[in-house]
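Novice: Now for the letters of each chain:
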Amino acid sequence: MSKVTEMHRRAMELAERATLAKLRGEVNTVSTLIREAFEEERRAAMQVVDEFELEPTRSVLYRSAASLAIECGENREAEKLIGTALSGNPPEEIAKELRDLLEQVYFNRHLSLRGITLQPNEFQVSLAGKLVGFGITHSEEFIERVRDIETLIYRTAERKRGLPFRERGRRKGGLQKEIELYVSVPRAASFAVSLRIGSSPQLNLPGMDFAQDVVDEIFGCLELFSSSDVKPLQEKIKDPAYYRNFIALSRKIAPDGREIRSVGFTATRGGQERKVILSIPCEKTPSIELGESELVKERVHVRGTLLFADARKEGEGKIQLIDDKGSIYKVHVPTGMMSDIVRPMWEYEVLVTGTKERDVIMLETIERVGD
Amino acid sequence: MDELSLTQLKKGTHGITPEYGASLAQAASICLEEQKHYPGIKLNVDGDFKKVFLVCWDRTTEQMRRCWADLEFTTEQGAYGIATLLVTAITDLTVIERSRKGTGFDYWLGAKNDPEPLFQRKSRLEVSGIRKGDMAIIGRRVREKLGQIECYQSNLSAFVIVVEFSEPRSRVVER
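For the record, the sequence lines run as chains E and S.
Residues in the first sequence are numbered from 1 upward in steps of one, following our numbering.
Residues in the second sequence are numbered from 1 upward in steps of one, following our numbering.
No lab work stands behind these hints: they were computed from the structure.
Idealized CB from N, CA, C, for every residue including glycine.
Among the hints, a few may not be true.
Stated by the list, open to error - Here chain S is said to cover these stretches of chain E; the calculated rule only asks that three of the stretch's residues, wherever they fall, bring their Cβ under 8 Å from a Cβ of chain S:
1) 23-37
2) 57-64
3) 223-231
4) 273-286
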């Protein structure tokens, strides 16, 4: 046992060093250390493979090795480790965690394109979770995300073109046509569809593919969002209105952690698959960073129906919520939030989080609740 | 009044190296300073254990604050820092082992110099951090954490610790 303990502790030290390297932004070091940790933890787990009575030791070591395998992208290895752990007698809560990991492994497999060819201006979106069957999903969970992805595409295109954030008014006809969104028939892979941006053949000229640039930009930003790398994300999206808009839309697209557990994106670049997985529940994803002055103010959560909105003055959006006792809450909406985030929630019961200044709440997040 | 010194984490525990302990201490210090607290602030503990501690730490630097820019991650790591010290202060247990879970760690508590094999007869430590929240939010977090572990017929014992940084306050519940 001391040998197993020694191997396990070495693995955890390596994983710990990987976490610290990640904090310092040393990406290559992180992947080397995680791989070394995985190899060491797998060796430790293999030492107790036949010790069926040694629980929870056996199952925890296997779960730990499988988690590291997933981090290394070794999905098949993770599947084998999870299978070995479940073939023993793990305590119920560890067994549940192993099954959750297995779900993640299968979702990673479903992210692969499996014969589907994607053009540079196309990408695949996959959903997994309780509300997703093999090739079927709850319509609202899917349709709302596609709508938000479409908005994300359009906002990214406007930003890439150097346009100021459009707080009001319709999308520009030319750009709208250039980056129109097309959806394929769904595929049975958890639940997956291909999305194509733009249809004009001129757009596919080498070096002139604006749609491809937009896809790359969205993948780059979502990668930073999924790893909660806020600073580089802010450097990428410098305009505060675009930044707030991106964060709020990405939080809507992210899984809720209950009904939808993962949302994945796959594209093809240089013959290789590029994948981004959003698996952190939206409530734990980065939110809009508060300024120094806002941090000292009282943070509040209010719940009510969105029944009043005033977007007449740019940058001074106002909404009001009315709760079931008839109390009215006034909320100030910052730029980047009114049109895409707040407006679709009109007449719905919502939960607003923000900072309070006198009788007005400065909006930080808004989400639909009820039903 | 007993002191909870975050600098203690720099020495590590049986299951946490000094380097990692130091990073947990940094995260907790950043969470506390961001809420305008100074070393020597009182931390009220309630739940299954009731006590008040004086929390002390080394002041943070601009470089540290830049390094810990991710609000959620810093809050979670800071909460682990406080919880690690709290559990040692109010029980005869300490963080003795860790295992990998997702992209983070699962913490296991045991007595120092525990002769039992890995994870045998150990308690799990479930931690949640809140930057700024009232008693209702703390209660909801505790219920969520307990809900996650109480639905299993399991013989694994656990401690749930929720740390709120604005008051600051902590609730400790033993299952």
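Novice: For every hint, state whether the structure bears it out.
Specialist: So, going through the hints one by one against the coordinates:
1. With a cut-off of 8 Å between beta carbons, the segment 23-37 of chain E has 3 residues touching chain S; three or more are needed, and the interface restraint holds.
2. Coverage of the segment 57-64 of chain E by chain S holds [criterion: at least 3 residues with CB-CB distance below 8 Å; count 5].
3. Restraint check on the segment 223-231 of chain E versus chain S: 4 residues with Cβ-Cβ distances below 8 Å, three needed, restraint holds.
4. Here's how the segment 273-286 of chain E fares: 3 of its residues keep a CB closer than 8 Å to some CB of chain S, so the rule of at least three is met and the hint holds.
This entry satisfies every hint, going by the numbered hints stated previously.
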